[in-house]
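Enquirer: Sequence:
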Amino acid sequence: MHAASLVKPGEDSRDASYVRYDLLVDKYANSRQRDPKFEPKPFFGQLENIFVVRLPVARVLKTTEPTTLILAAIHSCTLVAHNSLEIQYFQKLGRTEVVDMTTIQCLIGRVKVNNMWAILDRSGALTQAFYDPDDE
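In the working numbering, the protein residues as written are 1 to 136.
To be clear, the hints were calculated from the coordinates, so they are not data collected in a lab. Glycine residues also receive a C-beta, built at the ideal position from the N, C-alpha and C atoms. Be aware that a few hints might be false.
Straight-line alpha carbon distances no greater than 30 Å define the calculated DSSO-like cross-link-like pairs of lysine-lysine that follow [as the list claims (entries may be wrong)]:
{"#": "1", "residue 1": "Lys62", "residue 2": "Lys8"}
{"#": "2", "residue 1": "Lys62", "residue 2": "Lys92"}
{"#": "3", "residue 1": "Lys112", "residue 2": "Lys37"}
{"#": "4", "residue 1": "Lys27", "residue 2": "Lys37"}
{"#": "5", "residue 1": "Lys92", "residue 2": "Lys8"}
{"#": "6", "residue 1": "Lys62", "residue 2": "Lys41"}
{"#": "7", "residue 1": "Lys92", "residue 2": "Lys41"}
{"#": "8", "residue 1": "Lys8", "residue 2": "Lys27"}
{"#": "9", "residue 1": "Lys8", "residue 2": "Lys37"}
{"#": "10", "residue 1": "Lys62", "residue 2": "Lys112"}
{"#": "11", "residue 1": "Lys27", "residue 2": "Lys62"}
Pair ranges (Cβ atoms, derived) [unchecked claim]:
{"#": "12", "residue 1": "Ile87", "residue 2": "Glu39", "range": "34 to 40 Å"}
{"#": "13", "residue 1": "Gln33", "residue 2": "Leu120", "range": "19 to 25 Å"}
{"#": "14", "residue 1": "Arg95", "residue 2": "Lys37", "range": "22 to 28 Å"}
{"#": "15", "residue 1": "Lys27", "residue 2": "Thr78", "range": "17 to 23 Å"}
{"#": "16", "residue 1": "Thr78", "residue 2": "Arg34", "range": "45 to 51 Å"}
{"#": "17", "residue 1": "Asn114", "residue 2": "Asn30", "range": "22 to 28 Å"}
{"#": "18", "residue 1": "His82", "residue 2": "Arg54", "range": "25 to 31 Å"}
{"#": "19", "residue 1": "Val25", "residue 2": "Thr67", "range": "33 to 39 Å"}
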């Protein structure tokens with residue numbers, strides 16, 4: 001896995017900076033009267049950079065010992081279509097998100113198809129992360 005801002009692939013090499021990452025999304029985000037219910041949703045994007053943030057003990061943050069966060073800046077893919085085989089397609093990159101590094105699940109491939117990119121995610125259902133709301 002490479003951060004795109006740090007490693008530029010050669011002409012004849014693969015771009016190992018595209019990843020699948022899973023985030024918890026509120027199923028009822030458009031309904032303010034309902035309590036949130038979070039479900040995992042896969043996203044795709046280009047890993048731009050990795051940040052290591054060291055936080056000291058801080059009463060405001062309710063930390064009792066120094067903490068290290070590892071964050072990933074990801075330029076998200078704007079999905080435009082998918083086919084019957086659930087292959088996703090994108091034409092361009094959208095916004096940049098900063099997420100916890102542990103949300104990154106795997107590298108993905110991409111193949112140019114006409115004016116779009118097809119996302120090749122070979123991770124399969126058994127290797128995907130899951131969220132158990134009762135395990136907190």
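Enquirer: Hint compliance check: list the failing hint numbers for this structure, sorted ascending.
Expert: Per hint list: 1, 2, 3, 8, 9, 10, 12, 13, 16, 17, 18 and 19 violated.
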